[in-house]
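> Could you put the whole structure together from the sequences, leaning on the hints where they help?
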Amino acid sequence: MANGRNALVDLTFTLVRVVIGLLFACHGAQKLFGVLGGTSQLGHTKMMIAGIIEFGGGLLIVLGLFTRVAAFVASGEMAVAYFTVHATHSFWPIINKGELAVAYCFFFLFVAAHGGGPYSLDGLLRRKL
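For what it's worth, numbering that gives the first Met the number 0 labels the leading residue of the sequence shown as 0, then goes sequentially.
Worth flagging that the hints you see were computed from the coordinates, not collected in a lab.
The C-beta atom is built at its ideal place from N, Cα and C for all residues, glycine as well.
Please note that a few of the clues may not be correct.
[As the list claims (entries may be wrong)] Restraint ranges, calculated between C-beta atoms of paired labels, are given here:
no. : residue 1 : residue 2 : range
1   : E98       : L7        : 22 to 30 Å
2   : S89       : H113      : 30 to 38 Å
3   : G55       : H113      : 16 to 24 Å
4   : N5        : K127      : 16 to 24 Å
5   : L99       : L10       : 22 to 30 Å
6   : A86       : L124      : 16 to 24 Å
7   : L120      : H43       : 25 to 33 Å
8   : K45       : K96       : 12 to 20 Å
9   : I48       : F109      : 43 to 51 Å
Written out as structure tokens, the structure is:
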């Protein structure tokens, strides 16, 4: 029974990692390419860097490639976004509309600690070695 439970946990983690990674990549696509209802931010250095982290990091997290590093950088970016954009209006996320930044920050911090899991390119590479 324990193996069945572990397989379900691994599969569920993979599904959550992929979905949240795709959502995060969409934020980067908005900033970089002006798609999905966004405006290209290539003229603003900080927003361009954020777009690269979000798009590239999101895709790496989806694939499970260099997952720990990508998730750690993404977590840090969301912490910076919270404190430089949202917290300037109020400390409390419910008031400053920063709930998503906080949720991304802590989810990616968890992924950085956990790794990509067995259903990831990192896991595949680990098995081959």
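> Of the numbered hints stated previously, which ones are contradicted by the structure, given in increasing order?
The structure conflicts with hints 6, 9, although it agrees with all the remaining ones.
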